[in-house]
Every structure is written in C-alpha cells, then in structure tokens.
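**Student:** With chain D held as given, fit chain Y onto it using these hints.
Number of protein chains: 2
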Amino acid sequence: MSRTAAIIGGGVIGGGWLARFLLNGWDVKLYDPDPDAARKIAAVLSNARHALPMLYESRLPAEGRLDICDTLAEAVAGADWVQESAPERLDLKHRILSDITTHAASGAIIGSSTSGFTPSDLQSGVDWPERIIVAHPFNPVYLLPLVELVGSKDNAADVIEQASAILVSLGMFPLQVRGEIDAHIADRLLEAVWREALWLVHDGVATTQEIDDAIRYGFGLRWAQMGLFETYRIAGGEAGMKHFIEQFGPALKWPWTKLTDVPELTDDLVATIASQSDAQSGRLTINELERLRDHNLVAMMRALKGQDSAAGRILNRHQKQIAAPTAFTPGNPVETVSRVIPIDWTDYNGHMNESRYGQVFSDAADAVMVMIGADETYVASGQSFFTVETKTAFLDETIAGDPIRVETVVMEAAGKKLRLRHRMLDANGGALASCDQLLIHVSLKTRRSSPPAPQVEARMRELAAGHADLARQAE
Amino acid sequence: MSRTAAIIGGGVIGGGWLARFLLNGWDVKLYDPDPDAARKIAAVLSNARHALPMLYESRLPAEGRLDICDTLAEAVAGADWVQESAPERLDLKHRILSDITTHAASGAIIGSSTSGFTPSDLQSGVDWPERIIVAHPFNPVYLLPLVELVGSKDNAADVIEQASAILVSLGMFPLQVRGEIDAHIADRLLEAVWREALWLVHDGVATTQEIDDAIRYGFGLRWAQMGLFETYRIAGGEAGMKHFIEQFGPALKWPWTKLTDVPELTDDLVATIASQSDAQSGRLTINELERLRDHNLVAMMRALKGQDSAAGRILNRHQKQIAAPTAFTPGNPVETVSRVIPIDWTDYNGHMNESRYGQVFSDAADAVMVMIGADETYVASGQSFFTVETKTAFLDETIAGDPIRVETVVMEAAGKKLRLRHRMLDANGGALASCDQLLIHVSLKTRRSSPPAPQVEARMRELAAGHADLARQAE
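Chains as they are written, first to last, in my numbering: chain D, 21 to 495; chain Y, 21 to 495.
Here chain D stands alone, though its shape is the one from the complex (with noise of 0.2 Å):
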C-alpha cells in the first residue's frame, strides 16, 4: 500500500479529512472546483496541526506531502483511499462517484461521506459498485473519533474489513453499521434533537442559548464518556436494565413531545434491551459503573476547568466563593495548599505521579504570591514572579481522594529574590515531600529579572521578618 489518499471535495468535512491522513503520514492528493479550495483548507490544515498532535505523549509520523490537482483523474490515480465530501445531492454524488470508478485503481476503498444516503443509493447506476461505501465522520474529523462504516450486499467481502483497519491506523473508531438505513445511526439521533429544538425555539420555551445550556451542563457531559443505554443502565440500579425500561417505559406515552411514534415496549423488545446491555456493560456491578463515570466525570470537568469553559467555568466560579484566603501569623509557617487528590493526578497504580508534587508546590507559590500583592491583577500590570530553580524530595506516596496540604516558609525576600520552602503534609501531618523553590521577579514586557514594586517588596519583607526564626532552623 503507497498510503495515498485522494480527498475529493475540501471543505470543512473534507478538510477534516484530508487533514487526519496527512498528519497521519499519508501522502493527499486533494481534488476540489472550488476556486477557493486553497484557502479553505490551509484553514481546516492550521487548526488541524495546532490541535491534533495534542492528543499524543508522542511525535505523530512526519507529515506526508500534499498535491493540489487540477483534475478528478489525477487526484484518484493511485490512490488507497478516495474519500467523496461533496454536497448532499444524490445526482451530483453519482456523477462524481463514477468518474472516481473510472480512474481509480481497482483495489482502491472509495468511501463517501454522506451523512444521509444508504451504500446502495450511492451505488446505483454506477459501473463498479463493489469499493464503493459510506464512511461516514464527524466534525472535527482531525480530533473526533467516530467513523460510521456502511457497506452494501453489492461490496467486494473484504472492503469494509480493509476499511475498518485503515480507519483504525488513523486512530479513529470505525463502528460498522450492519444495516443500511438512511442518516445511519448517528444523526438518526442528532435529527429527532435537532427537531425537538427546533420546536422550542419556535414555541419560545427556550432560546439557542437555554438548549445549548441544558446540553453542556447536564446530560452532555455523560454522552462524552457513556452514551444513552449505560447511563439508564446506572439510573436502573442492582434492578437492571429490565427494571428500569419496565418502569420508565409509560412515560414515552405521555404526550411529552411533538413526536410521539412508539416502539411498542413488548416483553421481546424489553429483553432485546436488557440482553443488550449485559452484554455491553454486565462485566461491572452498578457501583463500578457509578464510579467509571464519576472518574470520567472527573476529569473532563477538570479539562475544562483549566480551559475556564462550560461546566468548567461553573467550577471556577465557585471556588473562588468558597476559597478561604491565605493567612499569615508571624512565627508560623502560612498553609498555602489544603485539597483532595484528584483522579486526574494519579497514575495507573491510583498514586500521585511525581510530577503532580510539584503542581501542588506551584500552586503554594501561587498562594504566596496573592499574599505579598502579586495576584492577577498585578500580573496583568506586566510584572510577575518566575521560579528559576526546584529542589524536591519524595518523601512518601498519596493515593487520589487523600487530604493534603502544605505549610510554607518564607526563606529569604531580598530584591528581586525570593526563596521558599514547602513542606507537604498528610491528614495526620506524616511528611508527603519537600521543596525548595527559588522565585525571581520579572518584567513581563523584556522577560528579564527586575526589582518588585514597592508595596509587594515591603509585604515581602514583613513575611520574611515573621518567618525569620523558622528559617534559621531550617536552613
């Protein structure tokens, strides 16, 4: 295999796509009319290339080279993969799909990226049926994984098979869709809420702003990590699956929504569901389930808490009302850090990685800073500390859900120098690690060390002059 890939069509479905076979080391040759092609996808390529190698601890494989040809022909000749993005219009599909047949080699997989017609509408009346499928992405289609993979009886045994696996060397998620149905099974879904939106809006119940809220910070965040059936398998409890759709089953008869065509609940389709599900899920009791999603739950929330986005912002919100502020008593070290240990913060062996120790000693030196006057707002003057040297030493280990916290001692405050040492505690103050931190003051504007502003040196001080005895001993 040369892993070649012709995209065909480079807007922002094509784009995505060409995007996750270049970065993946293919090499593209990318076919589109549009006299604007260009353009368009340097900009889906730019957001790719930021955001793509972000995923990975590792380099993703060196680029492949990208032609822009000016014919259908020579975009397809040789390729592995032809991928059709056109519109979503049966006629035009057809026409391109059989000038792709015309000019691509007879091995190649040729996949459309419909996201409404079935492998046999696309296959109709078109002279070499057998490669061609729908594989089906998501928007972005460089950072989502799912690829709904379709085929039809009229497809060569093996194409979806070789299909699937391409699709997984991408590191996508191809889910082989066993029936053909039109929109598959994904935007089945994504239309009967996209409808019931629209309904709201048109009956004024809810603005764009109250749906995409009552999304993002409720049943949006479970979808990310489960999707429908094990969440109610959770909701059902120890009772099970059968339970739960026994007992939640009426209310899809209550006259909810505009769209009110059942299944008939039978006793057949209640144990299709329930079999379903143990199958799916019956590996873990309920409480294990509840505690995956809560870990999940977890650290996505975290993630987005650092981007300060959706649920994410809810959170920092918060915590600025119920943080307590830092105290300083002269003659005693200030607890600058008193938390949990997160589940992001730990390994595979549930410890906390080495280099969350220091996250948790950076974020005492924060604390100082806020105490001496260094806070935001003075960082947003341009002036600000940076920590040039650490010393730690790991003392003992702490597992997630553990109590921590660190007492700090002000070693020296001198000029632009300021020296810390923390020490980081257990609930019963056992000894986690310690850390020896050397900050120096810099100017925001020339990155270079200059003196602090006269009320954060004088703080400094005063913090120094209370911790003097402390630091002696210590030293």
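No wet-lab data here; the hints were simulated from the structure. It is possible that part of the hints are untrue.
Because identical chains share one entry, a pair is satisfied inside a single copy or across any pair of copies.
[Stated by the list, open to error] Subject to a maximum C-alpha distance of 25 Å in a straight line, what follows is the list of computed BS3-like cross-link-like pairs (lysine-lysine): (1) Lys-411 - Lys-437; (2) Lys-436 - Lys-411; (3) Lys-60 - Lys-262; (4) Lys-437 - Lys-465; (5) Lys-436 - Lys-465.
**Tutor:** Chain Y only, in chain D's frame:
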C-alpha cells in the same frame, strides 16, 4: 438563613441532592419511609464524598450534619430548602407536597425533582402553592451542574431568584425555564433521542452498545462543551447561522426518522434562530469558536486518556501503534521525549506550567525504565523505581503547540541507585530546562528499596558504561 435542607425521598436523585447540600456545608434532614433508606443514602454519599471534592483546588466547607428523621414533619421543620424526590406519580406528589406545606417554615423554598410535571400541576389543590417550584437536577446530582428551575404564575415573586442564588452557592447552574411545559427542556431532548434509539434497537439496526458508541465517540464529546446550536453555528462557517439553517433545513422533511412532525421553517423562525445564535455566540468569530471547541475537545479527550476510558482508550491504543521505540547509541544522549506541548499543560498566559516540566522529566525517566527492562510487566511483577529527589532548573518558557524533546544521560547506575540528567530542548535545540533525577529501585510489596533483577541491573550498567564519557563531561 440556617442553611438547613430537608430531603424528602432518598433514592438516587434525593441522595444526590443530600450529598450536594451536605458537602457544601449545609445541615441536612432526611425523611424516607423506605426501611432501606439509610443504606441507600450511605452508598450515594460514599460516591459523592469520593468524587465531588476532587473537582476543587481547595477544600470544600466542613460537611454539615446529617439527621435521618422518623417523620416528614420533623424533617421539614425549620428547613430553608425542602426538596421532594418522590416517584413520578402526581397523586403521591400532591400528598407529600401538602404535608410539606403544612409543616415547613413560611419562607422555605419547596423544590420538586419532577422530570415531567409542571409547577402548576404540582401546585394544583395544594393549600399553599406560592413556594412550590420545579428544581429538576441531573444524575449524578453531586457532580453535574444543571438544575432546571421552573415557576408558575402562582409563585411568590422572589422565590425563583432566591432558589437560584442558593443553587449557585452549591456550585450548580440553575437554568431558569421561562415557560411551563411538560418535561421542561432537557428531558424533551432526551426523550426524543430515547424514542429514536428504541426504534433502532426495535428494528434491529443497532445494538445498545453500537448506539452508545455512536454517541460517545462523536457528538457526545461535542455536547459536553458546546450544545447543539453553537456546534451548528461553527458548521455553518462564516456564512452564519441563517445560511446553515436554510441549507440544512430541507433535510428535516426527509423521512429519516420515525418522527417527522417538524415546525415549518418560516423566514420568521430562521430569523429568530439566527438572532438568538448571534446573541449567544456572536462575540466570537467562527475561527475563535473552532479554537475554543478544539481546545475543549483536546483537554477532555486527554482527560479520558488519563482514565483509559471512552475516546481516551482509542487514543491510548493508537499511541502505542505509532510510538517509536527509544534507541540507545553509546556515546550519545538518549532522546527520551519528543512531543508537542498540549493545551492542558499551559496556564492562563499560554505558557507551560512549571509542574509540567516535571511531567516531561517524569516521562523521560519512564522511557529509560522501558529501555532497561523495568517496563509494565516488570512493575506488574512487583518491582519498580521511585524518584526520591529532583533538582530542576527552569531556563526558558515554552507555549502550547511547541515541539520539545528531551536528551537524557545516565549519570550513574550502581546497585539500586539510578541517577539521570535530562535536558529539555526546543525545536532549535535551545535549552528550556534541565533536571537531575535520583531514582531508587524498590519492591512494591515492602515499599522499600531493594536490588533490581539481574537482567535490569546488567542493562543499567551497559547504559552507564555507554554514557561514561558524557557523564564525566556533565559533572
């Protein structure tokens, strides 16, 4: 306000409310006639005590006091907030709400967790309707921020505002639903998906697992951070939301789903959606929205990677496929890390946080571990290396998206002791940081130092010999 809540009904939802109040410092009084209530509450509380504090970088307030009461009257007496979470039967809810209004303080907020009934439904026939509102949360209530807050014309004017302020103080997001409709907003969307999903299973198109995968590897990830409309606004591109609706609107009429009663896309409805979308997201350009979406997705997918769950599991598998093995050439430093800086490693300035330098050096040590045969299998056999001391010099800044690499020299390898020196370099070979790291071989059974296995020690010696000259120069 005494900050006391009464929880009437202690199932999964009532228990979640109880945990939310208690862990935010409120006293809670529970009434549930179920003889098994105490056990059920303990299970929910155990989950909540584990997960909720992990969301914060500081400690939550001291837990309130929990009383399990023998009567409803005792539970609601003096409570500021009474939350009813009884089964979804209107006659039962009426009886309980009447009891509550008889015994509650006159200023209490009386919330119902109903997912289906409107406030008017609940208030009808109850003596004292002014304080009864719908406060509909989402499971797990102790983690998910969303609460749908709905009042009726019979409510006291300020009750929704009061309730809203309290929910914010509990870290929740109160969505004030302006109109009373059955099932409020979120559950109407959920019902639509649920019905469509039941059809897919009923028709044998997809299993529960396939439907869940179609959700969590695709649009579920999008919806955890932006909802439906903001996501589609991006898909519409610079042409805007009006263009998107006009373009994709016709597909609504296609018989893709079983449920095809859709609102007429009149010019008025299109204009309403477009202007609501402008109000919601118009402060950001499409490219800014794309960046925001991609950063959120990268951060969440990396969070799931840390849990080796859902989309994160796909990423971990792909990473194993593409990662190049670490190569050792005597006389040359080993390249132990080669990657880009991801968005979740940077602070609000876009610069890599100090602690993530430690992460990089910890990963560098892991690469050495694999190279000397102290790999996953070795760790699983009960032996490992622990870092006991690090000394880090921070030399220059680096930002999200920048490629970095680490060169490592084995300074000393003798018995249980392994000493490494790492240098972190930017794309031009400029030094970003250096780290001296002392590791000690340990038995994971005794958690004490121990001699490495002979084959590991032999490989350590081999590397140290190959780096002897480099180490001499570096000392």
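**Student:** Now, for every hint given, state plainly whether the structure supports it.
**Tutor:** Each hint tested on the structure:
Taking CA atoms no more than 25 Å apart as the test, Lys-411 paired with Lys-437 passes in both settings, with 16 Å inside one copy and 18 Å between copies. Taking CA atoms no more than 25 Å apart as the test, Lys-436 paired with Lys-411 passes in both settings, with 20 Å inside one copy and 21 Å between copies. In this assembly of identical chains, Lys-60 and Lys-262 lie within 25 Å of each other by CA distance solely across copies; the values are 20 Å between and 50 Å within a copy. Taking the closest pair of Cα atoms, Lys-437 and Lys-465 come within 25 Å of each other only inside a single copy of the chain (19 Å); across copies the shortest separation is 44 Å, beyond that limit.
Taking the closest pair of Cα atoms, Lys-436 and Lys-465 come within 25 Å of each other only inside a single copy of the chain (16 Å); across copies the shortest separation is 47 Å, beyond that limit.
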